[in-house]
Amino acid sequence: MELSTFMIMRNELTLIAVVLVLLIAEIFSTKKSQGALLNFATLLFAIYAAIGFLPGSEGEIFGGMYRSTPLIMVMKNVLNVGVLVVLLQSQGWLRKPENENRALEFFLLTFSTLLGMDYMISSGDFLMFYLGLELATLPIAALAAYDVYRLKSTEAGIKFVLLAALSSGILLYGISLIYGTTGSLYYDEVLGNLHMNVLQIVATVFFISGVAFKISLVPFHLWTADVYEGSPTNVAAYLSVVSKGASVFVLVTLLFTVFKEMVLAWQPVIYVLAILTMTIGNLFALRQQNLQRFLAFSSIAQAGFILLGMISGTQYGMATVIYFVLVYVFSNLGAFGVVAMVKNATGKINIDDYDGFYQTNPRLSLVMMLALFSLAGIPPVAGFFGKFFLFAAAAGEGHYWLVLIAVLNTIISLYYYLLVVKAMFINRSENPIQAIKGDGLARIGLVISVLGILLIGFYSPVFDWVQAVSFGL
Amino acid sequence: MQTNFSYTIWIPLVLLASFLVVGLFGDKLRPRLSGLISTVVILFGAVLSYWTAFQYFLVNGKADGVYQTIVAADYEWLRFYDTLAIKMGVLLDPISIMMLVVVTTISSMVHIYSFGYMKGEKGFERFYAFLSLFSFSMIGLVIATNLFQMYIFWELVGVSSFLLIGFYYEKPSAVAASKKAFIVTRFADFGFLVGILLLSYFTKTFDFQELMQPDNAAIAEMAGLSFMGMSVLTLALVLIFMGGAGKSAMFPLHIWLPDAMEGPTPVSALIHAATMVVAGVYLVARLFGLYALHAPDALSVVAAVGAFTSLFAAVIALTQTDIKRVLAFSTMSQIGYMMLALGVSRYGGTEGLGYTASMFHLFTHAMFKGLLFLGAGAIIHAVHSNEMTDMGGLRKYLPITHVTFLIAALAISGIPPFSGFFSKDIILSAAYEHHPVYFWTGWAVAGLTAFYMFRLYFSIFWGENREYEHKPHEAPFSMSFALIFLGIMSAVVGFIPFSKYVSSDLMPYETHLHMNVAVLSVVVAVIGIVVAAVMYMKPGGAADKVVKAVPGLYKLSLHKFYIDEIYLFVTHKIIFNYISRPIAWFDRNVVDGSMNGMAWVTNKVSNKIKGLQSGQLQQYAFVMIAGMVGLALFVLYWASR
Numbered sequence: 001m002e003l004s005t006f007m008i009m010r011n012e013l014t015l016i017a018v019v020l021v022l023l024i025a026e027i028f029s030t031k032k033s034q035g036a037l038l039n040f041a042t043l044l045f046a047i048y049a050a051i052g053f054l055p056g057s058e059g060e061i062f063g064g065m066y067r068s069t070p071l072i073m074v075m076k077n078v079l080n081v082g083v084l085v086v087l088l089q090s091q092g093w094l095r096k097p098e099n100e101n102r103a104l105e106f107f108l109l110t111f112s113t114l115l116g117m118d119y120m121i122s123s124g125d126f127l128m129f130y131l132g133l134e135l136a137t138l139p140i141a142a143l144a145a146y147d148v149y150r151l152k153s154t155e156a157g158i159k160f161v162l163l164a165a166l167s168s169g170i171l172l173y174g175i176s177l178i179y180g181t182t183g184s185l186y187y188d189e190v191l192g193n194l195h196m197n198v199l200q201i202v203a204t205v206f207f208i209s210g211v212a213f214k215i216s217l218v219p220f221h222l223w224t225a226d227v228y229e230g231s232p233t234n235v236a237a238y239l240s241v242v243s244k245g246a247s248v249f250v251l252v253t254l255l256f257t258v259f260k261e262m263v264l265a266w267q268p269v270i271y272v273l274a275i276l277t278m279t280i281g282n283l284f285a286l287r288q289q290n291l292q293r294f295l296a297f298s299s300i301a302q303a304g305f306i307l308l309g310m311i312s313g314t315q316y317g318m319a320t321v322i323y324f325v326l327v328y329v330f331s332n333l334g335a336f337g338v339v340a341m342v343k344n345a346t347g348k349i350n351i352d353d354y355d356g357f358y359q360t361n362p363r364l365s366l367v368m369m370l371a372l373f374s375l376a377g378i379p380p381v382a383g384f385f386g387k388f389f390l391f392a393a394a395a396g397e398g399h400y401w402l403v404l405i406a407v408l409n410t411i412i413s414l415y416y417y418l419l420v421v422k423a424m425f426i427n428r429s430e431n432p433i434q435a436i437k438g439d440g441l442a443r444i445g446l447v448i449s450v451l452g453i454l455l456i457g458f459y460s461p462v463f464d465w466v467q468a469v470s471f472g473l
Numbered sequence: 001m002q003t004n005f006s007y008t009i010w011i012p013l014v015l016l017a018s019f020l021v022v023g024l025f026g027d028k029l030r031p032r033l034s035g036l037i038s039t040v041v042i043l044f045g046a047v048l049s050y051w052t053a054f055q056y057f058l059v060n061g062k063a064d065g066v067y068q069t070i071v072a073a074d075y076e077w078l079r080f081y082d083t084l085a086i087k088m089g090v091l092l093d094p095i096s097i098m099m100l101v102v103v104t105t106i107s108s109m110v111h112i113y114s115f116g117y118m119k120g121e122k123g124f125e126r127f128y129a130f131l132s133l134f135s136f137s138m139i140g141l142v143i144a145t146n147l148f149q150m151y152i153f154w155e156l157v158g159v160s161s162f163l164l165i166g167f168y169y170e171k172p173s174a175v176a177a178s179k180k181a182f183i184v185t186r187f188a189d190f191g192f193l194v195g196i197l198l199l200s201y202f203t204k205t206f207d208f209q210e211l212m213q214p215d216n217a218a219i220a221e222m223a224g225l226s227f228m229g230m231s232v233l234t235l236a237l238v239l240i241f242m243g244g245a246g247k248s249a250m251f252p253l254h255i256w257l258p259d260a261m262e263g264p265t266p267v268s269a270l271i272h273a274a275t276m277v278v279a280g281v282y283l284v285a286r287l288f289g290l291y292a293l294h295a296p297d298a299l300s301v302v303a304a305v306g307a308f309t310s311l312f313a314a315v316i317a318l319t320q321t322d323i324k325r326v327l328a329f330s331t332m333s334q335i336g337y338m339m340l341a342l343g344v345s346r347y348g349g350t351e352g353l354g355y356t357a358s359m360f361h362l363f364t365h366a367m368f369k370g371l372l373f374l375g376a377g378a379i380i381h382a383v384h385s386n387e388m389t390d391m392g393g394l395r396k397y398l399p400i401t402h403v404t405f406l407i408a409a410l411a412i413s414g415i416p417p418f419s420g421f422f423s424k425d426i427i428l429s430a431a432y433e434h435h436p437v438y439f440w441t442g443w444a445v446a447g448l449t450a451f452y453m454f455r456l457y458f459s460i461f462w463g464e465n466r467e468y469e470h471k472p473h474e475a476p477f478s479m480s481f482a483l484i485f486l487g488i489m490s491a492v493v494g495f496i497p498f499s500k501y502v503s504s505d506l507m508p509y510e511t512h513l514h515m516n517v518a519v520l521s522v523v524v525a526v527i528g529i530v531v532a533a534v535m536y537m538k539p540g541g542a543a544d545k546v547v548k549a550v551p552g553l554y555k556l557s558l559h560k561f562y563i564d565e566i567y568l569f570v571t572h573k574i575i576f577n578y579i580s581r582p583i584a585w586f587d588r589n590v591v592d593g594s595m596n597g598m599a600w601v602t603n604k605v606s607n608k609i610k611g612l613q614s615g616q617l618q619q620y621a622f623v624m625i626a627g628m629v630g631l632a633l634f635v636l637y638w639a640s641r
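Which chain is which? The protein sequence lines are S and D, in order.
All residue numbers for the first sequence refer to the working numbering, where the first residue is 1 and numbers rise by one.
All residue numbers for the second sequence refer to the working numbering, where the first residue is 1 and numbers rise by one.
There could be a bad hint or two in this list.
For each label pair, taking beta carbons as the anchor points, the in silico distance ranges come out as [what the hints assert, rightly or not]:
1. Y415/S / H384/D: 44 to 52 Å
2. P70/S / Q619/D: 27 to 35 Å
3. L43/D / I444/S: 49 to 57 Å
4. E221/D / I51/S: 33 to 41 Å
5. K437/S / Q619/D: 37 to 45 Å
6. V40/D / D464/S: 49 to 57 Å
7. V447/S / L636/D: 49 to 57 Å
8. L633/D / P97/S: 52 to 60 Å
9. R150/S / L43/D: 35 to 43 Å
Anything over 10 Å on all C-beta distances counts as not near chain S; from chain D, calculated [claimed, not checked]:
10. K471
11. M515
12. A632
No more than 30 Å apart at the CA atoms, straight line, and that leaves these computed lysine-lysine pairs for BS3-like [claimed, not checked]:
13. K471/D / K122/D
14. K28/D / K343/S
15. K471/D / K343/S
These are computed hints drawn from the structure, not numbers from a lab.
Just so it is clear, the structure is predicted and the values come from calculations on it, not from any experiment.
Every residue gets a Cβ at the ideal spot worked out from N, C-alpha and C, and that includes glycine.
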């Protein structure tokens, strides 16, 4: 094998290099140089993310276990952008005194999970997929428990790791059934041997269930609220955006390729999951007071909408899924960014605490409003187009009832998103949150989110670009 | 020679720029400077609109005697099928230019008026930023070249009016009202969106001009397809009308409008009298070719809803005591008129009389109803109350307000030669030609309108002479100026020969005053005024006796026929009890309860591991596994069918 073939894996190799450099740098770092080290790490990641946009080579290596296509590169770039924004937003929190000795851990753990996600997306067989998935999952438990001095954070970590173990058991069971009935783990060979027999149907359901845990689709969502609430806000943002996005990507590609012949089995599953997830996510979001919990349920509901694009099974449908995730990355990170900034400065996290927020922090509340409008799908911000395209994809294949339910759900969701907007702009408070001056990097993170929310909707080549690399059943 | 109208794109653009500048940097500027920027910009927009109207109507909008539909600008914005793209542009035809004039005129007056009215309010610059945003959105809506652009601006109008209504955030009722307005109209917009999707699914276009093409095969196909006894086209158009009915506060989607009166009064004048609430009428007029040529059934719905709303709202207006609410119901009633006129109209020539009538009434109504609201603002400004019962004898204190209010009241009552007379006359003529029931409904509404308007007028300016704690004083110049300007407009715009400019098929035609109709409607209006004068002009008039004579009817009307209570019953009793409560219970007891238990357990560090194993993780795992098995069984059943 020539060295140049390794360039196909450029993305992962660079990331590993970044991790190694940081590990070495940490050995030589002192307490004083922690701040500089964080800046260096962020810069390194930004360079890495930029490299991802350079044209890369396609192909397969390791006998087809690893593959890279333009679609996969687009997906990885979306994730990289999401991680970059999360890193920018986390700086204020990482520089707090209680984190000063282990701020870099956050980077290393995050990069490890990202590496896992990249392998998962690039996998060419189920073994690689499973290894990637585990690499993407286990460090998250450590991230959730990052605030070791807070019991809730520890609890979140333990809950996550136990339930993740269960879900990965389910997933493995599904994969083993696939192996048993087809005699292979390679996607290409499995594809030819799936014929809708009973065992294979069960295997498909198990496989989807395992991945559904990561995307937190109802009824595999129960961990979400507790873990999001208990984790540090920035970790919750990471979980809700990057981790979820990666799993959505991998699910949509596998359903459209390996499970192509099983479409009659997975379509009803996705159909049911979509309805359950949208509706239950919304109904629970309605009465949340804690913003982190609120955003957890809102992100569950958003995942339900994504399934509408998947169910269509068309090239257009896949494009809408990727496009929606891209929009969702910016919208959700905009919201989480503001919540994290406020929580780190004041410790306040309830919706009531945001009464009169506009009076003291007009710019932050505008960012939050845009992000919530985008999540709610109010035109002309990007979230509207994201949802609209998803609905159009499902309606185009004749799933009118599903679209109807989805539209009704957007109306419900509008109500609770507006509650927050109302609190910020309209409610009045005796002692509103004081004016917050976030650190420069966090503000850059918010500006990127806002630009994303505003520009992706208005700038149409983005969708064309996504659609060009997508494919249908 | 064709004039190049491409400069019209600047009308919305300058307003957007003004919103951005004032919205982002307003807190850095002095408040009055922010107001000044917005006002200058909207005046500039108004001048451009007048120039456009002059060029179009009087110089060279016509070719061979027919008004041209001009696309002054059209940019492709998002393409999402090969055949379907969203564009943003400027469409000029008689009705869009008329709306441009209406929106910029009323908006300019409101901008000027607010200098006096909002003086010293906290958030003065925010108010002006929102006004600019609203005007921008409304103009984007009226010049839309396609349904999708219209929908986007339609929603933006909703958002900006939400912000404007909720401006008095210290008033809880204002907050509730803004939410109600947004959610009710949003619910209606759901119909609109589904209608758009249906239309575009069949026709593969959003473009108004393509949709209106007479030989559009897809439209014919839609008209032929039947769904639940209606053609799909009719269904789509009824759904689109649902969106219009929500914005225009047609029964039964009207419940938000009276409550929206909690917002600042100039906002009510702009949004709830002249511009946003007529967007529904404009929407139907914009698609009128489709309604009239392919789906007359949908037009019947429009006519019936319009006629019913106009009567229903007029009856409620009889007994309200909050002057802004009287005006709100009166607006509903007058918009019902416009819808009725559209509903009874047919396509082409004199058949399209109702179309012209509707647009004419929209135009005159904007002037006199804007004036009424601004006048009401001046009165509220003077006596610090919305209640009619707190007023009386104000004609001595507020001479300018008095005269302008009287002009507006005469105009809305349809007394010649004020503007409302002319537009109402052709509405009633059109209704008469269509069906006598509609005519007599409209006729009765005319009488009721004259009565409640003069009840309002006499109670405020005549009636009992009160001792006021603070002597009421005439409004400052900025406010009086707007009142006088609109007063002149309300008096004279009726003389515009509207059918020469606006017609369903773009061909000018002649209308004549229908003598029978005119006499009948003036007679009933005069009766209404006389009855109101007897009851309310003198202190201790006949009013109380009437109330005592028909207590049941009075109460029914006072409580707005209990529509709000019915909605409340449905939402609170049924949805809350049977849907939200069980879910809330589940969340509180199962999710939260176990959560709290969990936290308690983790506090006992020694019991930590034991606690985790007996905590709700098991339950979570159980739900996951049960869900998975359930799904598998479901799919196996499904696949074996």
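Hints, one by one, checked against the model:
no.: 1; hint: Y415/S / H384/D: 44 to 52 Å; in the structure: violated, 34 Å
no.: 2; hint: P70/S / Q619/D: 27 to 35 Å; in the structure: violated, 44 Å
no.: 3; hint: L43/D / I444/S: 49 to 57 Å; in the structure: violated, 39 Å
no.: 4; hint: E221/D / I51/S: 33 to 41 Å; in the structure: violated, 52 Å
no.: 5; hint: K437/S / Q619/D: 37 to 45 Å; in the structure: holds, 44 Å
no.: 6; hint: V40/D / D464/S: 49 to 57 Å; in the structure: violated, 40 Å
no.: 7; hint: V447/S / L636/D: 49 to 57 Å; in the structure: holds, 51 Å
no.: 8; hint: L633/D / P97/S: 52 to 60 Å; in the structure: holds, 54 Å
no.: 9; hint: R150/S / L43/D: 35 to 43 Å; in the structure: violated, 58 Å
no.: 10; hint: K471; in the structure: holds, 32 Å
no.: 11; hint: M515; in the structure: holds, 49 Å
no.: 12; hint: A632; in the structure: violated, 4 Å
no.: 13; hint: K471/D / K122/D; in the structure: holds, 25 Å
no.: 14; hint: K28/D / K343/S; in the structure: holds, 27 Å
no.: 15; hint: K471/D / K343/S; in the structure: violated, 51 Å
Hint check: violations occur at hints 1, 2, 3, 4, 6, 9, 12, 15; the rest are consistent with the structure.
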